[in-house]
Amino acid sequence: MRIPRYVLAWLFVTALGVIVAWMVLEALGFSETARTVPLVIGIPTLVLIVIQIIRDGIGVVRSDPTVGAVSEIEQDRYARAAADQREAAATAVAREVAADRSTSMLGAMAWVGALALLIWLAGLLIAIPVFTAAFMKIFGRERWTTIAAFAVGTAVAVYAFFTLVLDVRLYSGLFGDAMPWL
Amino acid sequence: MLEGLSLITSEVALYAALGVVVGTVVVIVPGLGGTFALAIFLPLVFRLDPATGIAFMLAVTAVSGTGNTITSVLFGIPGSASGVASTFDGYPMTQRGEGIRAVAAGLTSSAIGGLIGAIVLALALPFVRPIVLNFRPPEFFALILTAMVLMSFIAGIDKLKALISGGLGLMLSFVGMERSTGTQRYTFGELYLWEGVALVPVLLGLYAVTEMISLMRRGGAIAQRVPQQGPLLQLATGIRDTFRHWKAVLQSSAAGLWVGLAPGLGDSAGQFIAYTQVARTSKNRANFGKGEIEGVVAADAVTNSKDGGALIPTLAFGIPGSSSMAIIIAGFIALGLQPGPTMLTENIDIVWMIVWILVFANLFAAALCMGITPLMAKVTSLRASLIVPPILIACMIGAYSANNNILDIVVLLVFALIGVLLKEFGYSRPIFLIGFVLGALLEHNYLLSVNLFGADFLTRPIVMVIFGALILLVAGPVVGAARRVITRRDRSEQDLSDRR
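Chain order of the listed sequences is A and B. All residue numbers for the first sequence refer to the working numbering, where the first residue is 1 and numbers rise by one. All residue numbers for the second sequence refer to the working numbering, where the first residue is 1 and numbers rise by one.
Some hints here could point you the wrong way.
Quick list of simulated restraints, FRET-style, between CB atoms [stated by the list, open to error]:
#1 Gly57(A) to Trp194(B): 32 to 40 angstroms
#2 Thr487(B) to Ser31(A): 48 to 56 angstroms
#3 Glu32(A) to Leu382(B): 51 to 59 angstroms
#4 Leu121(A) to Phe467(B): 50 to 58 angstroms
Hints were generated in silico from the structure; no laboratory data involved. Fair warning: this is a prediction, and the values are worked out from it, not measured in the lab. Glycine residues also receive a C-beta, built at the ideal position from the N, C-alpha and C atoms.
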């Protein structure tokens, strides 16, 4: 079952309220100097969040889909749809390809998480070509020649700029620490 | 003033040009700002003669804002906190296919801002001491708070959500050790959080990674429309836009000068204050944040003008206004020069040379960046599968290399998620970030004010003027909205009674 947007908006602001309330309560235990500004900022912020919870809550009770405002992402979509209409003839093929090569929010977050995990495990110089190749093949269905050029090119560029020019040590990952010859 | 020119030999000019190129290239990489560029090349400076070393350092510093414009506008990736405001209007313009125009306007305004900074530096050195000394912690506190509130009241943003976003950003800035008492706040006992949440991963997560997630969800390219104008025409239009909005350039440059002049206020605060000020007074304020060219001009004019302002206390009093100026002072001392009052008497020729180098570096950097912009702009029309991997990788490296700590990548992921949720539910990422950047400064100045003046700090004349202006500016829209509600209610009651 898909949770309506206005319920998600209400859940989000409620979660913010819980976090800020915890921060305010926690601040009460700080020394006087350390708690003054967090309380001065935290209490009004909490009040504003409560007002927003009520605003969004009214929308939930009325099942009003306009509550939670139109997100920037939706605005992007509207803008794109409008632009697409104007450029329909010129971009028909491109639109089909773009629609085909997109993913859900969870899918996009998973790609970002996968890159971070790869870096943590294998280090930057291994993660860069592996992620680039996997993303270009699975997400973009690119040709292997393009993938090879991008994957190797990105890794070489990063190594040349950071290690050779700037003399910055790149993270070598858990495997790299365990196997220093890598 | 001409005596400064005589110091610019071919070697000095060559190293200044090298500084411009190095500064521009380094700041294009996310997370590596002008301070980083200065720090890594400082050992090189020690081997040069004073004039050449100073020319190199100043050229690197002077262009750090210029290179930032390209990535902020074209990819929504601010190289550092001082480039964040450029993304507010620049990136939406890129999505509309007007990226080159926005970059050209940003580069021109930052070059003009830099020239204004250099001229004011030349003219102001003898007169600034009393002004600088009158601005103390209470005035800074009032200025920062005013900038925060005004930013939330910019038209076009849900004001309640904007205020909540600012409050959340401020609360986040309190994570870490409170310096005057050593109290740990919200650190969960983690050593990593003692210094607070690192800025670079936060801004890369909130902006760059969030934008890449949006791009993956949407598919296609960053530029969602085919440009209506060719690259050269867009460059020309962008340059013309800057002169069309000359008031915004002057307003923003003046704010940059002031922020540079005031020690400790910082680069990012300057950009936000200038942007807010121009947004408040502009006729097009409803379009700010949605791709308004005046917003790009306002955000970028400040980035280089602040250097002229920051050099005034640095040279005249030996007080660095920012971290990059602190490195410059270290470089000066290593080269055998002592910044301070003697600089204006014994080494005045060096001071004039600095003014000339600022002029040269700003013009050269703007020309260099304009040259590479059409090429960089082509990247914005590449499909997501080609653009996402290098940008995500650059963000991860940028986040990691800020402190060489893998936990910074975790912070980047957390703030990417927060950025997506804020964007999804209509909260303001810019104001959240402004709160986060200015929070520590706000608290520091508040505590200093209370320690120095007690509650009386609120009655200092400049503080009262600033807060008075804030009340007037905030009360205007509130009273207007209340009037509209009353009028609407009167009308509906009238309609009801008419129907009866």
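Verification of the hints:
Range check, Gly57(A) to Trp194(B): Cβ separation about 38 angstroms, and the 32 to 40 angstroms hint holds. Hint check: Thr487(B) to Ser31(A), Cβ distance near 50 angstroms, so the stated range 48 to 56 angstroms holds. Evaluation of the 51 to 59 angstroms hint for Glu32(A) and Leu382(B) yields a pass: the beta carbon distance comes to about 55 angstroms. Between Leu121(A) and Phe467(B) the beta carbons are some 53 angstroms apart, a value that agrees with the proposed interval 50 to 58 angstroms.
Going down the numbered hints, you'll see the structure goes against none, and every one checks out.
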